[in-house]
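Given the structure of chain X, go ahead and fit chain H onto it with the hints provided.
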Amino acid sequence: MIVETSAGLFCEAGGFHIDPWLPVDRAVITHAHGDHAHAGSAAYLCAAAGERVLRRRLPDAHIETAPYGQRLRMGDVDVSFHPAGHVLGSAQIRIEHHGDVWVASGDYKRAPDPTCAPFEPVRCNTFITEATFALPVYTWDSTATVIDEIHAWWRGNRAEDRPSVLFCYVLGKAQRILAELHDRADGSIYLHGAMWAMTESYREAGLAMASAERVTDEMRGKALAQSLVLAPLSARGTRWMKRLPRASDGFASGLMRVRGVRRQRAFDRGFVLSDHADWPALLSTVAETGASRVLVTHGWSDALARYLSETRGLETGTLKTAYEGEAGELTSAASESSSAQ
Amino acid sequence: MRRFTDLYEALDRTTSTNAKIAALAAYFREAPAADAAWATFFLTGRRLKRLVPSAALWTWTQELTAFPDWLLRECYSSAGDFAEVIALVLDTVAAAEAEPDLTLTAWVEHRILPLQSTDLTGQRDEVIRWWLGLPRGQRFVLNKLLTGEFRVGVAQTLVIRALAEAIGSEPTIVAARLMGDWTPSAEWFATISAPASSSVPGMADAIDPSQPYPFYLASPLEEAPETLGDRAGWLVEWKWDGIRAQLIRRSGQVWLWSRGEELITNRFPEIAAAATHLPDGTVLDGEVLAFKDDRPMPFSALQHRIGRQRQVAQIMRTVPVVFFVYDILERQGADIRQEPLSARRTSLVDLVGGGVVRLSEEVTAPTWTDLAHVRLESRERGVEGFILKRRDSTYGVGRRKGAWWKWKVDPFTVDAVLIYAQPGNGRRASLLTDYTFGVWHEGALVPVAKAYSGLSNAEIDELDAWIRRHTRERHGPVRAVDPVQVFELGFEAIAPSTRHKSGIAVRFPRMLRWRKDKPAAEADTLNSLRRLIR
Chain X
409 MIVETSAGLF CEAGGFHIDP WLPVDRAVIT HAHGDHAHAG SAAYLCAAAG ERVLRRRLPD
469 AHIETAPYGQ RLRMGDVDVS FHPAGHVLGS AQIRIEHHGD VWVASGDYKR APDPTCAPFE
529 PVRCNTFITE ATFALPVYTW DSTATVIDEI HAWWRGNRAE DRPSVLFCYV LGKAQRILAE
589 LHDRADGSIY LHGAMWAMTE SYREAGLAMA SAERVTDEMR GKALAQSLVL APLSARGTRW
649 MKRLPRASDG FASGLMRVRG VRRQRAFDRG FVLSDHADWP ALLSTVAETG ASRVLVTHGW
709 SDALARYLSE TRGLETGTLK TAYEGEAGEL TSAASESSSA Q
Chain H
24 MRRFTDLYEA LDRTTSTNAK IAALAAYFRE APAADAAWAT FFLTGRRLKR LVPSAALWTW
84 TQELTAFPDW LLRECYSSAG DFAEVIALVL DTVAAAEAEP DLTLTAWVEH RILPLQSTDL
144 TGQRDEVIRW WLGLPRGQRF VLNKLLTGEF RVGVAQTLVI RALAEAIGSE PTIVAARLMG
204 DWTPSAEWFA TISAPASSSV PGMADAIDPS QPYPFYLASP LEEAPETLGD RAGWLVEWKW
264 DGIRAQLIRR SGQVWLWSRG EELITNRFPE IAAAATHLPD GTVLDGEVLA FKDDRPMPFS
324 ALQHRIGRQR QVAQIMRTVP VVFFVYDILE RQGADIRQEP LSARRTSLVD LVGGGVVRLS
384 EEVTAPTWTD LAHVRLESRE RGVEGFILKR RDSTYGVGRR KGAWWKWKVD PFTVDAVLIY
444 AQPGNGRRAS LLTDYTFGVW HEGALVPVAK AYSGLSNAEI DELDAWIRRH TRERHGPVRA
504 VDPVQVFELG FEAIAPSTRH KSGIAVRFPR MLRWRKDKPA AEADTLNSLR RLIR
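From first to last, the protein sequence lines are chains X and H. Residue numbering for the first sequence is 409 to 749, as defined by our numbering. Residue numbering for the second sequence is 24 to 557, as defined by our numbering.
Excised from the complex, chain H in its bound form:
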């Protein structure tokens, strides 16, 4: 645990990519293989489930410190991190007998995981003993493991690069082997470290038939499309607003993985059923979309389906889904990601028809200018714009600029007034950075959007200071402020909503501009927003 805590601190103490990779690679080389496996598990955002209820950790902290609940809540709103608050306030409690320094694996397998089958009293005794027996740094890391919110500002790609460096492999191979579900162990670490079994990195290296490939992602197009050269060299598709997913047909079974590497097969039984008609050894990349009467339904409809565990049959009727196929990554059991897109596309056209699993059609407008015209239909069609893919492109890993671009429609905009503010989370916990904005309706400001992003650090500081001087009321961490500051907000979509007081819900709101030039009275109205709903 000490070694893993040292790694955590080393990663936390530098903003240099090279220093982070060096620290990670050193750990992977030097730590016991099982520890390296568990570290990989946590550092790639995986978590242990159903350990100790967070509320119980909170209660025990209260018992130990004798601090009232409201005071601990104040601490939380100032530090913004549950695990950290507990680690810090326990400094006010006398330490107990020091815990021995066990390996990360011993901690996870012999101490933490057994909590799953321990009753609350037993859990309490264990956790309190650990808390008071560990130095602050290790106590903090332990809390991170217990709460499952293990984030240390290391992207998965860095972990992959460091692993590849430590075991003398290629990042693409390591990336493929880290996909999907796996159980950390010394054996698993040996498997990912084994040499590639073919010259082409890919599924021949898969450890498990359910394992998806790393997704390839498009980058936002910032230049004019003409800069991409000849239109004929590009495949253009609509950018559907659903869940990017990979559909796997192997070993007589079907798996559907979301881009967040969640297994969502049983959320969408009709897709799973349709996929059984695919030949074994097929992997498709596409988008799950709520689709009715020949057009996409709003993203919120799809959210209903994801959230629903029971009565799936009923919601399958009200919110039918399709799987729009973009690409084929594996054909007859062979990894074909290195073939050019045009060849993969040909395979695809042969494979899928127009049922639940269907081809994402090419948009055929012959020139960039024609395309720009067609793009204006995006909102009408319920899509977010275009995806542009170079026809000779291979299927890469992650977000690499150059071959795939997303050319999105310009966002909707609205001028709204700042009405509430509260502290952010994590690194923004000391600043008031979570804002609620309102628009005018019948002489009052009605909240329509919450936004967190879009301001520079200097603007955040300035606004934070302004909010502190212009707070009208406080309700816990939330401050109601003088309705003075106007911001231009951008958002991607707008839909009617019964869950919001305003009757509307906007998607991906963010701040585009601080309109210091605009008085609050001239901000937009709810009616003008409602008119944007199609």
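Next up, chain X with everything else stripped away, as it sits in the complex:
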């Protein structure tokens, strides 16, 4: 029902592409991250909860929406969005054609996130899953544990009159951290300019988050010395950082689970906070969908496909896509922040 094309995953019976990376007539979007929501298509459809952030990303696009769970007839198929728990408005796409049900997960996580609706398992025959962190080394600690670590790090730096710069994704991660710190922050939080607009979109959506100020041009040194500053990775090593002398820097990402990755980039601290499913969650999610066939996209797709086929007896395959997930964060940091301006 869904095939790989040069533009992306294509549903012929429904006449639409899912998260296409080349311009198409009709794009159905799982979420607004840069590797899933590309500009240039004639028409976009996304979950209603994701409209605000998608418009922020694609201001000139023609966007239609549907609430989670509502069925739309497109061509020969029924299409509906279901929460993916990845970022605000992220959705799995359910497609039914003559009783055959497919679900394309987009990116998803199973850990609770105060900024978005929790992942909803959807029964299907074929499940298209991401595999960003599909290796058993990727097993997440509870969010509370990680937030405690961030808090302790911030407090320790504050005691030394040192700013804490926490690099994180502009859409999703930054707001999730602010929401987790809501009612817990005991110092000032600042946001890099590139994060400001997206965070405002989250606030407009009515989400409770710790208050934060925007870093302005004249702000530097003393003014920021004790604060927590959230910034996109692309700001690292730039002139912008000069305003934060003696800063301790950390990176919030599932990639930080592996010590070598953190050390290669010489971050002082790595906080293992991911918006993707970890290994146990990928396995349990696949089981909950009841799917007999699993197609795996970006990340450690070969490993997940082989494991599911060998140990669960599922029919599996991999799909070649241009999605990057969190693994692309380190290399695509630059494009990420420019598209967020």
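Bear in mind the hints are in silico, worked out from the structure with no lab data behind them. Keep in mind that this is a model prediction, so the values were computed, not measured. Using N, Cα and C, we set each Cβ at its ideal position, and we do this for glycine too. One or more hints might be untrue.
[As the list claims (entries may be wrong)] With beta-carbon atoms standing in for the labels, derived distance ranges:
(1) H:Ser-476 - X:Gly-629: 33 to 39 Å
(2) H:Val-116 - X:Arg-531: 28 to 34 Å
(3) X:Gly-629 - H:Ala-213: 44 to 50 Å
Chain H only, in chain X's frame:
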């Protein structure tokens, strides 16, 4: 163990030298003396030997997690660290009863070392109990101790500075006392902490007669030699390409230490025999060199000797060695490292003749320009260039710029094509940074060198992304890539080899330049490389 794990994490979490020294010094001050001794042991790269076979740790991990071998291998190729992979994947297994928090010493002496005399089943039960009873951080450190790959990005000099700070001593004294073999204990820690027994830091402070001095190392010369001033103020020697070593004659015995602080006396019996003619209380700094027919043999010949444990007599004939003496550090039992080089050299000339232990001759070309001409003979002579030493220099500790320089010949270069890539180790495990390069031979690319270093982080990222998009085939972690990217490689030496498909072996290959301007078809040929062999 918790305290030691906290130290490990503190060191791991900062790139600041001062913060690392502060964390180390605090540990040395606050931990029990025996723990401080064991921590010093591990942090200076020493390891416990013959504990548990790595393969067994791997098997037990497989049993506990029920993950297939290939999946754990994928994990290893993504994380690049055996001890860490085990620590991480065990998070998928339910924890057992928590282990009590014992000291590092109790762990090492009462738990880990007894594994040496425990059978495999007993080892298995112990290790699994520890794994499931320790939190992840301590589990990781335990694995590091078990596998002996204890690296935390702390240089030995930092440990020495921190120790000196903690015990109120001088780094030079601490450095001397950490050389050679010693057994960690509270008593040992008290010995290294004892005040210096003479005003001159040195061998009077040695704990054991086998103990070598810290080596003094030359820095690469980056400016023109003329910037060093008057030629007459400098002693110039050939830079031999062998094993830098210290020859110790004390208490009627002989010890030969490599710069990596390996005891290599019994690998080179002829040097040990010749050293018995030295007066007691003598320590010489020099180079072990495979030497035949009045010229050095390639370094690979020496490697054969190091590797050989048996039939030494036979290989002694085919690969004879000499010890070229550079310097004398101890004379008649007195540490003379603070004397000027010129005076030490005079002592040396009196002491050694032209036998197996012989003087490294001075190169006498009178001006820098003359020297530059003579330097061109380096390859012909089988040496790597010159070592320049200021005649008034004392014998220092470690690599200190200013008094000793190495002025090496320019490397050989070759333009080669990237043909394979695989993930690096440790901090480079997430990136494809181990490259294999080929040159043309009869219309195909023949692998000639593996290289890991020379690219900037930005170039590594760019190449990593390119490789992922241009992978032709995968064999486990190795990717065969489209033969497109050309790199200028530099290397120090080239020799015929029967172990390599290409028939040649190059020494210290590294990437000098990414030749984006050069099409792969214009890369060098195997024949052009073969012509470099003398």
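We went through each hint and held it up to the structure:
At roughly 38 Å, the beta-carbon separation of Ser-476 (chain H) and Gly-629 (chain X) lies within the given 33 to 39 Å, and the hint holds. At roughly 30 Å, the beta-carbon separation of Val-116 (chain H) and Arg-531 (chain X) lies within the given 28 to 34 Å, and the hint holds. Between Gly-629 (chain X) and Ala-213 (chain H) the Cβ separation comes to about 47 Å, which falls inside the hinted range of 44 to 50 Å.
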